[in-house]
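Engineer: Sequence:
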Amino acid sequence: MYPQISRSIDGLSLLLLLLACVPTIVRAQGNTCREATASIRGSFGITGTANFKQITGGVQVNIQVNGLKRREDDQFHIHAKAVTNNDCATTGGHYNPNGARFPCPRNGLNQAACEKGDLSGKGGLLKAIGDGSPTSVSYLDQIINVAEILNKGVVVHDVTNFRLACGNVVCTKTG
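FYI, in mature numbering (1 follows the signal peptide of the UniProt record, and there is no 0) the residues of the sequence shown are -28 to -1, 1 to 147.
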């Protein structure tokens, strides 16, 4: 084959390959999950919602739980697996891809030293007053992103580490 024709075909092939990839790249960027929710259900009539919103600087985490009947400070975490068959035990251990220690050192002042899944270690405990009334925590999580926590379980634990309630994180808004 003539060298000029061969170079033209190579250049055209490369251009076609790049053009074929552009829609996939654009589509992937447009479908990034920006907001997610976990509908929390559990033993003894416990219900709640955990909301996650990707913003500048991290993820705004808001969790509200109703029905906690004991006066105590309860932990909540993202676990490594999704809840199956409404069984909180199926979620495995805490989501901890960075291999950090638990509990979160220094009350979460340095979030980078915390397990990614230790939400209450970074944001504070759920302060239940014991009458079932709502309790909530809101904070900015600087080490997680919404996309990485999708299809994982959020679990609320009592002071003995019993899994009181749980729900799966699902995407509610892309962009």
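Treat the hints with caution; some may be incorrect.
The list that follows gives simulated cross-link-like pairs (lysine-lysine, DSS-like), each with its CA atoms no further than 30 Å apart [claimed, not checked]:
1) Lys25 - Lys41
2) Lys53 - Lys25
3) Lys99 - Lys53
4) Lys53 - Lys145
5) Lys99 - Lys41
6) Lys41 - Lys53
7) Lys145 - Lys41
8) Lys145 - Lys25
Rather than coming from a laboratory, the hints here were simulated on the basis of the structure.
Computed from a prediction, not measured in an experiment: that's the story for all the values here.
Engineer: Quick check: which numbered hints come out false for this structure?
Structural biologist: 7
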